[in-house]
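Based on the provided sequences and hints, a complete structural model is requested.
Protein chains in written order, with the numbering used here: chain A, 11 to 420; chain B, 68 to 338; chain C, 1439 to 1490; chain D, 35 to 799; chain E, 3 to 245.
Because the hints were derived from the structure by calculation, they are not lab data.
For every residue, glycine included, the Cβ atom is placed at its ideal position computed from N, Cα and C.
Careful: at least some of the hints might be erroneous.
Just some of the chain B residues that point at chain E, by a computed CB distance under 7 Å [what the hints assert, rightly or not]: (1) I182; (2) H238; (3) K246; (4) H286.
As a plain string of letters, each chain reads:
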Amino acid sequence: MDSALIPKGVKRCPFGLFLVWIGILQIPFLIGVIAYLVCWGLALNQTYLNNNYPFGLWIAADLGIIALGGGAFFTAFLRYIIKIDELKNIVNFATVIGVMCYAAALGILAVDIGQPLRGWHIFWHANVHSMLTEVAFCISCYFTVLLIEYLPLVLENREINKFGFPRSFAHHLHEAMPAIAAIGVFLSFFHQGSLGGVPSVLYGRPFAYREGFLVWPWTFFLFILSAMACGPCFTILITRITETFAKKQLVKRNVIDILAKISGWLLGGYLVLKIIDTISWGVSLAPSVGAPAGSFYANQPYGWWVLITEVGILGIIPCIILLSTRARQNQPLLILACLLNCAGIFMNRWIMSVQTLAVPVMSFDKFFSYHPNWAEWASTLMWVWLSAIVISISYRYLPIFPQEKELNPL
Amino acid sequence: MKEEHGHRPGKKTYKYGMVIDLDKCTGCGACMVACMAENNISFRKDETNKLVSNFWMRVYKITNGRSFPDTDVCYIPRPCMHCEGHGHHHHTPCVSVCPACATDYDHETGIVSQIYTRCFGCRYCMAACPYHARVFNWWDPSWPKGMEKYLSPDVSPRMRGVVEKCTFCHHRLQRARNKTYSEGRREIREDEYQTACTQACPAGAITFGDLKNPEHKVHKLVEEGKKKKIAFRLLEKLGTNPKVYYVSTKDWVQKAADVYLGEEGKPVTHA
Amino acid sequence: MFPFIFDWVSDASHFVFMGTLYAVMGLLVIALHYCGIRAFFDWLCKKGQHEH
Amino acid sequence: MKLDRRGFIQFSLGAGAGITLSPLPWKLTDDFSIWTQNWPWTPVPRTGEVTHVNTVSKHCGSGITLRKVGDRATKIEGRKGYPVNDGGISIQTAADLQLLYGPWRVPGPLRRVGKRGSGHWENISWEKAIGDVVQKLSDLRRKGKSHTVACILGSDRGTVPQLFSRFLKAYGSPNFIRTASCDDTYELAMSLMQGAAASVAYDLEHAKYILSFGCGLIEGWGSTVRVIKAHSIWRSGNLKERATLVQIEPRLSNTAAKADQWYPINPGTEGALALGLAHVIIKKSLYHTDFVENHTFGFEDWTDDSGRRHIGFKRLVLKKYSPNAVSRITGLSAKKIVRLATAFAKADRPIAVWGRGKGTTSGSLYECMAVHALNALVGNINKIGGVSTLPEVATETWPKVDQDHIARTGSGMPRIDGAGGSRYPFTRYLPERWPQIVNGHKACLIEALLVHEADPYYTTLDSAAVARAFDRIPFVVSFSTLMDETAYHADLILPNPHYLERWEDAPTPTGLQVPILGLVRPVVSPQFDTRHAGDVILTIAKRLGGVVGDAFPWEDYETVLKETIGDKWDTLEEAGYIEEADYTPPVWENAFATASGKFEFYITAFEQAGMKINKDLQCLPHYEPAQPEGNPATYPLILIPVELTRLANGAVGNPPFCMKTLEETELKKNDLFIEVNPKTAAKYRLSEGQDTMLETPRGKARVLVHLFEGIMPGVIAIPKGLGHTAYDDYLAGKGVNTNSLMGVTEDPISGLSATWGIRAKLTRV
Amino acid sequence: MSTTEEKEKTVAEGEQETAEHAAAPEQLEPVTWRFLIPIVLFGVGFVVSLFIGWVIFPKIIYCEKHQPIDFSHSVHQEAVDEGCESCHFFREDGSFSGIPKLENCAECHEEAMGENPEEAKLIEKYVEPGKEIPWLTYASQPDCVFFSHAAHIKMAELECAACHGRIGDSDHTRPYQCNILTGYSRDIWGWNIAGMGKNAWDWMKMDDSARMKMDRPARMKMDDCGDCHEKRGTSNACFVCHK
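Structure follows, in structure tokens:
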């Protein structure tokens, strides 16, 4: 049965080894499941979240994961709308990663909210003025889009593809994909942006608050740009990790190089805007509410180093690497740049959500620090393990890498 | 966000608000307990972690940050500010962000509501509130055996996983309305609607009423305080437009309400 | 979410926001059904050929 | 026909279509969504008719209005128009329903099974429980040991304490003990200096310059709500017209924070400062000449009948308490002393008040006298905005007790605590002294102890000694409503109803200058199998029979109450209180019932009582340096217990709501914080939140450090009211009982406890 | 809807097809039969589930309880002077007394006034032992709802029947139905199991004779309150009706 499902013309590890691998992944995954059950069963007191930190790791992770999952929409955008044809060799994988990122985002929200069974209120009783509503709608719609994009891959499995209907259905889905991708891109632009709006409309929190364009604060656009800059890097990173585990090259280097280059340019653009934004915040917005910018960096661990690390080490350095052709083509450097870039996006999202809450607003507020507890970590990381499982299965049974056969002739 | 509520022509509107005299406030805490007793607020065996403790009214103890013997302490009771928002923020910070319309700003009364059955606990509103006026039910509230007997039917007990906050004892407004309606009146008199903390305060430091009504004490106190430059609001500069005013003759207290740095350049701290 | 729900307010924000949402959802549903129906007919034709 | 897979799918499709077109999925979805919004385990309070009933709080003497829904009490509010509190409410009273309905109530008469303090009880009937007491008491009486029965109560005013007192008189024991408070010393000072057998009363509402010697005016000194209301009066009106509050205290307490001026002085030197102020006032001739010259005795030097010269207050003060000298003692600069004295004496309606913290400790008599002397110097005795004695609403007197031989002998025996004896002839009760005496004798001095509305096991100083003393009492009966420490260590609990469930009179709250009699009435149906302590005493007396029974001619407690109130009953019942608002204290000419008929700076009563007087100093207010217990070398710091507004430290434990209001810098999980000045902390390398061992000569405890600029360097403060062992997890096991760290320092003249602190050391854990 | 069905059918048949490929060809049944089978199967499933959904399900989701005493409103209406308010009165604080307490009943029924067995039950089981009658409240709203009778009756001058139907004219108490999942009275959802039904305020437009026929209220869900408020220009702010 197993060998019948494996795509033709490629080699996969023995089934036993595959089961062992999945089994290993299941252990931390099950710990995550337990964390979920604990949080749902015993309520959120099982976490280190509190009234000062209503948002913690979960929301920061959500923002980060969605930015990383931005690779899916952005690759699709480049492939189907800008029509960079080489990217067809990685767009499938980007989609798989996207599906898991968005599943994770929704899954984490499901444990983050206090009354998960009432989660549908966000749709049914939607407040259209809330950034969170916008996020929820877009994420769920885009998740649907990603599933539709993922569906033909599943249908193209060797065994399923034998049946007439699925084969045909997959074929037509492929035909319609540019349209669907366009919808996805539209949705993504919005929700990446509204995620940026989530902290920045909070005018009671001068650290995150930004003015902006119409209903969208400036961070709305920064978030879109940063997601576009980071998503491809994440796709590259996961591809290289998969290659490492698969012990073979799966995507041609030129494809990766295109992504890396685009990523570099976007990152550069983002950094310029980010620096302008930070400076204008620091010199005009923050002082206007009575607080010099320095007061926001007065409490450790959220000192100035945070800003320096985020923009400098995790921003400018990868940007330089990605923009320089020579550095980019040095594989370890490329990996490093991707890592730094992804870490940077996580740090940015953490800062925008958690540091925003950490900075005391009332002058007599005490500063409290927050770090997530095991339940938060386990339930968040659970999605990493689940993603690894899904990617493993997808890689094994679905024709995800079109160049695999060519690169690894049997 | 149903901010449209209450924009009905010809209807008498109120703007309920509070004036708290910090010179009179002794920090005794009666307001906190009265609030807990009035609003069926839950409690647990260990309430020492204030970060997960449930307070609608919280009295902050602040110091001027100076060393012995020039130290001074002031108590600041902090209910929900029932922000009106103004200028470019034409909305209450917490109301506009709620994704499920579980909270609204009633333009007829100026009260910011919270509906526990609607709330699904995303806590976005808590992130939006710079005053920490909103608290989350980290636990399922429970009462020791026999103690449910004192629960008031006027205030619906909350369940775990939802956000709650001071409501200016709006159930007392509902009761007052009942009374005025049954007497064929529409107007609510000042003494007919007072919050539990106002009533309990042994120092008489809290005054509650319609800020718009020149007959009401709060209106007079605000006017007088503004004239004497002793009235202020918390975080005025953010533009939240709170409806809770404070009065203090102490300079450092006035400053602590809005700026980040205290007199000597040292931060004013929570004692 | 829908005009018959209590929270609905007929204003520009609702029309724009919900309108976009419905448009997106509608497009997705149409696309899926389009593909499905096409595939169904493909399959019908093929089946016919097969039986002949 | 065989139902194959295809058939099943067809059937299912039909079923699906049918179900979709039926209400089932839609209704279930809706019901489910409703279910998620009203979880069945969230309590739904029953509705009903809302009624309001008035009564009086036994905690703070405030009038309260109970809001009831149906038969349930849902809220306690301050009663509008009640003379003490006019609508305001104290924090503890506001949380009282938690005690009424809480699981810490004693559910019915309990008899100890197993070891004392093991917490094992058996439920017994009232019949049996009273039978136990009667048998024990009648045995003791028969054996001529009636004097070995003692009663400890929280008060000696009002009908119920009087019933206990009467019972002891008829039964034959002198041992009626009232738990400690500053009243012990105040009563003594008032009786010695003014010849008035009453506690002190202050017209705070009308005072314009309030000089407080460590009084926790805000924390709950006197009658909580009333003082806070007075404070608000001081803070009202134009800025220039406002009253001035000056607080003398080593720590920035709530009162100090609310004061216009805060003068931290070395702890225990309040008396010296008072005398220093007197020095300046006298020297600058700022005193009230009319009063001092015409209505006081012992101000100037004088010669007695035998021709002996005595020095007067003036000379003593001028000689010994110059600003510089006092500055050395108190640590307050001489300049400040002069300025303070001048401001005080020149102020319109100045008043000096005394009594540390909430006034739950007795304190030094000379210190009290020194402070009261300031009032005399400014002539505010019995004046508006001044000091007078606590008046009571006149009630009917009870018939005299007809004592038999046993009763006479028993009552004539020396008291167990030594009060009223030759050593301390003026002192009425020595509530902190009896444990030492009991522990110091081989014989069993107390055979039976009855405790009512008091928790001596918890509130008495030197917990270890108290526990030992309790171990030596074979029969302890508690009348406690709540499972407090004394009840927990009793042999028998005869629970009194909660004050919301019973009748009682509430005499004028402490410190009030107008006579008020409040009526405590049952406003809630009894929640448990309780019986009024008054009725229980009546029953016990009747069952004992003879003269004891005869002394109680009333049928039940309600009759006692009604007959005691007499004609005023109808007024009292209707209004809920009687206030003699037009009461004014007597004018100076006939205000003083001392031997001299005047206010006495020099106490003549000492010699009359036959006390040995060697020096004039003994009869004059003066400062006696009271070194706190402990060796300064081993214990370099001084520990002072402090009382917090939000933390009840008396006989009734802090309700959960009040526990919740404690600051995060006061209690963390089960550990309390001590306040340490950052300078002190730096010296001992302590940081905020540091886990520390606090050690005193009397005990040690693990505490956390809170750095506070408002505490004097070298002094550390520990909150009183924690460290309960009884009640339940909402209160028990949190923090440490300060009494376990403190010892008793006897005041030389009164025998009362003058403890205000103890030496201590801190070691990092 | 239809597309999904088709899709699923095609999937099913596709599977069937592969099965046929794999196994030996089956014997073909007569064509006429084969043509009818799917329709019959579909029809049977359809009808059965409709029956379950419309007939059996409502019986399961609601449990029926009977009032402790079969009370006749019409008899009492004739006996009292002030209509509904004789027993369902406003208290002094403006709150509404709702269902009368035993003492109200006992005012007249201290002793039996007639020979009605229900009255005998009242006296024997409740009046004499002084036990409150455990009436079941048809119109009780969930705990989160604050409903002011004063606002509706005194201010808006609505008829009781506008929301409660002509319960005042009934001769017998109708059974009380309780939703087993939510614990709500069926009157809240409305007696139409599909959740449809005339809204309470539409009744005000009816003429008396039409109203007389309505013996039970329509619906009392939040939307109904909201709609009526909307129509009458009354505030729909959350805290008007929530507590």
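Verification of the hints:
1. The beta carbon of B:I182 is positioned within 7 Å of a beta carbon in chain E (closest approach about 5 Å), and the interface hint is therefore held.
2. For B:H238, the suggested interface contact is upheld, since its CB lies about 5 Å from the closest CB of chain E, less than 7 Å.
3. A distance limit of 7 Å between C-beta atoms decides the matter here; for B:K246 the minimum to chain E is near 4 Å, and the interface restraint holds.
4. For B:H286, the shortest C-beta to C-beta distance to chain E is roughly 22 Å, which exceeds 7 Å, and the interface hint is violated.
Hint violations for this structure: number 4 only, all remaining hints satisfied.
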